[in-house]
Amino acid sequence: VKVIAERRRSATLTIILFTGLYVMFNIPALVYEVLGAVELYGGTAFFSWDKHNRYFRNISTVVAIALNAAANPCLYLLRMRDMGDSVRRRLTLFLSSGSVRPQVAAAPGTQGIPIRIER
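Residue numbers (the working numbering): 14 to 132.
Hints are supplied without guarantee of correctness; some may be wrong.
[To be verified] Computed spacing ranges between beta-carbons, pair by pair:
1) 47 / 102: 39 to 49 Å
2) 53 / 97: 42 to 52 Å
3) 44 / 85: 14 to 24 Å
4) 101 / 17: 41 to 51 Å
5) 18 / 93: 14 to 24 Å
6) 68 / 95: 42 to 52 Å
7) 36 / 105: 27 to 37 Å
8) 53 / 102: 28 to 38 Å
9) 68 / 19: 40 to 50 Å
10) 54 / 104: 24 to 34 Å
11) 53 / 22: 43 to 53 Å
12) 14 / 67: 47 to 57 Å
13) 107 / 87: 32 to 42 Å
For the record, the hints were derived by calculation from the structure and aren't laboratory data.
Backbone N, C-alpha and C fix where the C-beta goes; we use that ideal spot for every residue, glycine too.
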């Protein structure tokens with residue numbers, strides 16, 4: 014029962030962290046869209062929608078989405094030990110041998126069927 018409660022707590026924290034990242038990186042785009050819609054449909058002009066502001070809005074939105082996309086795998090690696098260990102092993106193997114493919118060899122009596130050799 015303790016293990017299940019701990020896993021639920023961990024899963025809840027992971028979901029909260031991913032949601033927080035999503036909100037943090039996507040709030041600027043949402044604010045720009047809401048303010049632009051209010052101004053477009055006759056509301057108060059909060060800021061000028063000249064060419065420079067549109068350019069900044071588009072660039073900031075793309076950068077925010079790219080940062081979110083880059084941060085998600087990092088959070089996965091930090092929160093999920095198995096995945097982080099696997100990436101570390103593959104990275105170590107790559108740096109030591111120049112390849113991330115598993116090494117295979119034929120075992121005696123297998124008629125050349127390759128098997129995986131663990132290090």
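> Among all the numbered hints in the text so far, which are the ones the structure does not match?
Replying inline: 4, 8, 10, 13
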